[in-house]
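Peer 1: Letter by letter, the chains look like this.
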Amino acid sequence: MKKIINDPATVVDEALDGVAAAHADLLTLHRNPTYVTRAGAPIAGKVALVSGGGSGHEPLHVGYVGEGMLDAAVPGAVFTSPTPDQILDATKAVDGGAGVLHIVKNYTGDVLNFEMAAELAEAEGLRVSAVVVDDDVAVQDSTWTAGRRGVGGTVLLEKIAGAAAARGDDLDAVTAIAQRVNSQVRSMGMALRACTVPHSGEPSFNLAEDEMEIGIGIHGEPGRETRKLAPADEIVEILLSTIVEDLPFASGDRTLLFVNGMGGTPEVELYLAYNSARKYLHGKGIEVERSLVGNYITALEMQGMSITLLKLDDEFVELWDAPVHTVALRRGL
Amino acid sequence: MKKIINDPATVVDEALDGVAAAHADLLTLHRNPTYVTRAGAPIAGKVALVSGGGSGHEPLHVGYVGEGMLDAAVPGAVFTSPTPDQILDATKAVDGGAGVLHIVKNYTGDVLNFEMAAELAEAEGLRVSAVVVDDDVAVQDSTWTAGRRGVGGTVLLEKIAGAAAARGDDLDAVTAIAQRVNSQVRSMGMALRACTVPHSGEPSFNLAEDEMEIGIGIHGEPGRETRKLAPADEIVEILLSTIVEDLPFASGDRTLLFVNGMGGTPEVELYLAYNSARKYLHGKGIEVERSLVGNYITALEMQGMSITLLKLDDEFVELWDAPVHTVALRRGL
Amino acid sequence: MGYDAESLVAAIRALGAVIAQRRTELTQLDQEIGDGDHGENLARGFSAVLTKLRSTEPETPAKVMALVATTLISTVGGASGPLFGTAFLRGSTVLGGAAELDGALVAAGLVAARDGVVARGKAELGDKTMVDALSPAADAATKAAEAGADVAGVLAAAAEAAAAGAAATAPLQARKGRASYLGERSIGHVDPGAQSTAYILESLAASAASHATGTAV
Amino acid sequence: MGYDAESLVAAIRALGAVIAQRRTELTQLDQEIGDGDHGENLARGFSAVLTKLRSTEPETPAKVMALVATTLISTVGGASGPLFGTAFLRGSTVLGGAAELDGALVAAGLVAARDGVVARGKAELGDKTMVDALSPAADAATKAAEAGADVAGVLAAAAEAAAAGAAATAPLQARKGRASYLGERSIGHVDPGAQSTAYILESLAASAASHATGTAV
Ligand SMILES: Nc1ncnc2c1ncn2[C@@H]1O[C@H](COP(=O)(O)OP(=O)(O)O)[C@@H](O)[C@H]1O
Ligand SMILES: Nc1ncnc2c1ncn2[C@@H]1O[C@H](COP(=O)(O)OP(=O)(O)O)[C@@H](O)[C@H]1O
Ligand SMILES: [Mg+2]
Ligand SMILES: [Mg+2]
Ligand SMILES: [Mg+2]
Ligand SMILES: [Mg+2]
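So the sequences go chain by chain: A, B, C and D. Heads up: the first sequence begins at 1 in full-length UniProt numbering, then just goes up one per residue. Heads up: the second sequence begins at 1 in full-length UniProt numbering, then just goes up one per residue. Heads up: the third sequence begins at 1 in full-length UniProt numbering, then just goes up one per residue. Heads up: the fourth sequence begins at 1 in full-length UniProt numbering, then just goes up one per residue.
Bear in mind the hints are in silico, worked out from the structure with no lab data behind them. Glycine residues also receive a C-beta, built at the ideal position from the N, C-alpha and C atoms. Treat each hint with caution, since some may be false.
To be verified - Label-pair distances were calculated between CB atoms; the ranges are:
(1) A:39 x C:100: 32 to 40 Å
(2) B:317 x A:279: 42 to 50 Å
(3) B:211 x A:289: 46 to 54 Å
(4) A:317 x B:209: 43 to 51 Å
To be verified - With a cut-off of at most 25 Å between alpha-carbon atoms, the simulated DSS-like pairs for lysine-lysine come out as follows:
(5) A:2 x B:311
(6) B:2 x A:228
(7) B:284 x A:279
(8) B:2 x A:2
(9) A:2 x B:228
(10) B:311 x B:279
(11) B:311 x B:284
Can you make the complete structure from the sequences, with help from the hints?
Peer 2: As structure tokens, this is what we get:
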């Protein structure tokens with residue numbers, strides 16, 4: 001296994017020490033249990049946003065802790081959701097009296113652990129609401145299944161809901177905006193090469209040199225389908241056509257186009273795919289009004305990308321453009 | 001070859017179209033010949049900074065075009081320096097009457113093409129000075145050889161010299177600061193896995209599963225030495241001990257520690273290495289006062305990292321902290 | 001000698017060793033249709049349980065179960081952490097203040113565990129989850145207890161049913177948990193959580209059996 | 001029939017085809033001790049030259065050389081762009097207004113080209129660069145011209161010397177260009193720029209030879 005690590009068991013802890021040391025102005029790292037809070041937390045009277053999940057998706061979520069976005073992030077082991085006591089302590093640490101929104105990606109583990117934490121927090125008298133992000137159109141949705149995964153839409157939701165909380169919206173309003181983002185955002189991903197989880201030491205799936213995996217998640221899960229490798233334009237069309245039909249997005253719609261690298265994809269390929277995606281959307285009369293291109297929600301060193309499309313309205317644009325000061329997203333501060 | 005591209009011949013052009021579309025507020029892309037200028041260029045009375053080099057190192061240099069950093073970037077083909085006509089036109093486009101500083105990484109191709117462009121620009125009456133960055137301690141320096149490569153130090157130099165130009169320093173002063181950065185910065189890199197240049201289609205070198213390459217550059221060149229893969233702490237020590245002895249850095253020195261990903265390294269490994277590097281420096285009494293961790297000067301999807309250490313003084317700190325607004329670095333704007 | 005807290009602690013210790021041993025195998029199962037951490041998750045949890053048991057001596061079987069439950073909940077994470085945690089917690093509640101276990105209590109504990117997991121995870125039989133091992137185990141345990149079986153007998157019946165249930169997950173298409181994302185591609189693989197459930201009951205049954213025959217575990 | 005601008009254009013066209021053919025080979029050489037783009041760089045440059053020659057008909061050999069020079073400079077990039085560009089530019093200057101080439105002019109052109117490359121790149125003989133092919137080629141050309149050789153004869157002598165010079169770079173340790181970063185690891189590989197220089201002269205010599213014998217190139 002080719003990794004710059006000392007010991008698979010201490011990867012996350014050592015990396016968090018690094019993050020805390022490099023960004024001491026922005027973040028505070030708490031231990032026993034582990035969670036990260038923004039400078040100045042709790043902010044009295046502001047709705048607090050707490051997210052979390054397995055590690056290995058960096059900069060998600062720790063990279064989004066700060067003014068205008070998350071108040072706390074709760075990192076689990078690599079690709080493993082955090083535990084209720086971590087989430088509970090983070091929730092209590094950032095509650096400023098206006099309640100706490102839990103932003104949960106729709107994975108059974110994340111949902112169950114956040115649920116247990118919320119029950120415990122409510123038992124202690126806190127107000128907690130939750131939004132479960134499930135934007136991955138690669139997964140067939142149904143009330144009988146675990147439902148769709150939360151992927152790229154999470155980043156956009158954390159930014160927009162964070163801005164709503166920063167401008168003073170109350171818990172119900174912030175929750176409603178978060179839910180509205182989730183209802184208007186769709187994503188799909190693909191991989192050229194799998195990642196290797198440190199404790200396993202083996203690639204999480206195998207692809208031949210001329211194959212790609214379509215519909216992957218962010219935990220090294222195999223996707224829905226293995227296909228022959230195709231040109232970028234074709235890959236983009238596979239992903240975007242599914243996304244566009246799902247919501248559906250229609251001619252005249254205003255959108256935010258987010259092309260995300262899975263961690264091992266060079267920028268030149270991401271911008272090339274972004275360019276291709278713009279052209280595809282242009283052909284459908286869909287307007288790209290805001291953009292995000294880069295590694296924002298990753299699966300360790302996986303090579304591949306995901307595309308996320310959010311339907312915009314004036315309020316979303318205003319909240320997206322609002323100042324933010326985190327490790328991974330910074331604007332106007 | 002596993003890449004999200006359409007055609008090896010058009011990779012850079014398509015990606016640049018994507019960059020220009022995604023960041024139209026910050027950048028203007030020019031064609032025939034190709035170069036990128038910042039919004040509002042030329043800025044009358046301000047020294048202009050122009051850098052450039054082969055593509056494949058993104059976000060370098062296009063990602064550093066903007067207020068407080070570069071006025072223009074000149075991208076060549078992948079890993080191939082741009083041509084004099086590109087550099088000349090970029091130089092003329094951003095000259096605000098106060099002269100132009102060329103920031104050149106020390107590769108024969110970059111040096112020769114920038115030299116030719118400077119000769120042509122001077123023949124047209126422009127004032128051009130140049131700084132050649134050569135911070136890579138992996139390469140033995142000597143007046144008889146091509147000398148050391150320019151690597152991670154380039155990013156820090158572009159930021160600091162850009163801030164000096166933004167505060168109104170004249171060409172001689174900006175050039176002197178740039179040269180001073182170059183004299184105080186040292187870097188060294190390593191790889192776990194090579195990258196594949198699109199037109200070649202083959203990895204630029206091969207390593208066994210238990211090997212790493214020490215002293216690599218940013219163009220997929222093999223390094224000075226192939227070694228058995230080692231724990232992160234040992235890798236960090238190999239790189240940092242060479243860096244520290246070279247300048248040399250001494251106990252009590254104030255530094256900026258920059259841990260850079262080569263494009264395919266997950267953030268968790270970069271922050272882990274950063275943490276290890278901090279501990280190593282702490283053991284030597286060297287103080288880390290500023291930090292940069294992430295993919296800032298890459299070699300496509302290469303897996304690996306470089307470490308850069310800059311000796312700080314008050315002026316460097318002030319210029320490093322100054323506002324900047326580019327695609328890849330943003331602060332206070 | 002009855003099956004008291006000390007007996008249960010010994011069984012949990014043996015279970016910890018089994019989990020450590022099965023770590024790689026469970027992780028590999030999870031790599032095929034999940035995210036490759038199930039063995040790692042349980043190993044982390046049970047190693048924390050063993051550490052706690054070095055400094056605590058719970059007085060009743062219920063307290064042993066509660067210790068296991070809270071430790072798993074706070075160290076495992078993932079889907080299996082809250083689910084196994086809930087299972088042990090519900091089991092603990094059923095045992096009440098009893099100083100010793102008997103067949104009926106064990107069966108009631110397994111039924112409560114199953115109901116807790118279903119309430120939390122909302123999986124049904126056939127969704128290809130740990131429920132497919134735990135539910136037949138609870139049913140078999142109930143039947144055995146009704147037939148008068150002792151702790152060892154009830155656990156033996158439960159373990160056998162769980163093993164069969166786990167094996168029977170292979171041909172199913174997952175509808176819950178990560179494996180559900182794979183749709184039809186989940187078919188042909190045993191569910192890791194069902195398999196670990198079977199191993200847990202197998203280990204508890206083996207401990208109870210040697211306890212019954214006075215063999216050291 | 002003298003060796004005029006038209007003859008030289010035909011030779012450059014043939015050279016363009018040779019470079020396209022050698023693209024992969026030159027890139028592979030560069031991959032061993034450089035960054036794997038040398039063949040790509042030259043192919044891009046000469047394909048631009050061929051495109052330009054479709055719409056322009058330079059009147060003198062010097063103007064053909066100048067067209068090649070400026071096109072290479074503005075399309076090749078890398079180290080070899082300015083160096084080959086300089087070589088053709090200096091060669092062009094030496095040819096002046098001559099309508100036809102002769103052996104002496106070709107030799108003088110090669111000497112000027114070599115001097116230009118050395119002035120720009122500051123490499124010395126033995127540094128493992130294109131100079132190790134170009135310099136012996138210029139010397140051999142001078143000798144052949146002094147002995148009265150014609151264009152074909154001078155280029156044949158130059159090509160032979162360049163090929164030998166290129167081959168002789170293999171055991172050297174590079175002191176200039178990217179290969180120098182490898183230190184001792186650069187030993188054992190032929191320098192790509194020396195090899196391409198040899199191929200260029202080989203192609204030009206072949207064209208001159210068939211021109212002399214009236215064979216179509
Ligand atoms: N909704 C559910 N109900 C019951 N069991 C579930 C449910 N979802 C997942 N599981 C069980 O959890 C197991 C996976 O556990 P683990 O790998 O530790 O967690 P994660 O899936 O979060 O990585 C699955 O094999 C399955 O048996
Ligand atoms: N200083 C120099 N003087 C002469 N030739 C040089 C010098 N530096 C490099 N070269 C030649 O350039 C060749 C490499 O060209 P190329 O691969 O196109 O450019 P780059 O090295 O910029 O990728 C080398 O093989 C060598 O022959
Ligand atoms: Mg998991
Ligand atoms: Mg090159
Ligand atoms: Mg799992
Ligand atoms: Mg080269």
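Peer 1: Failing hints, ascending?
Peer 2: 1, 5, 7
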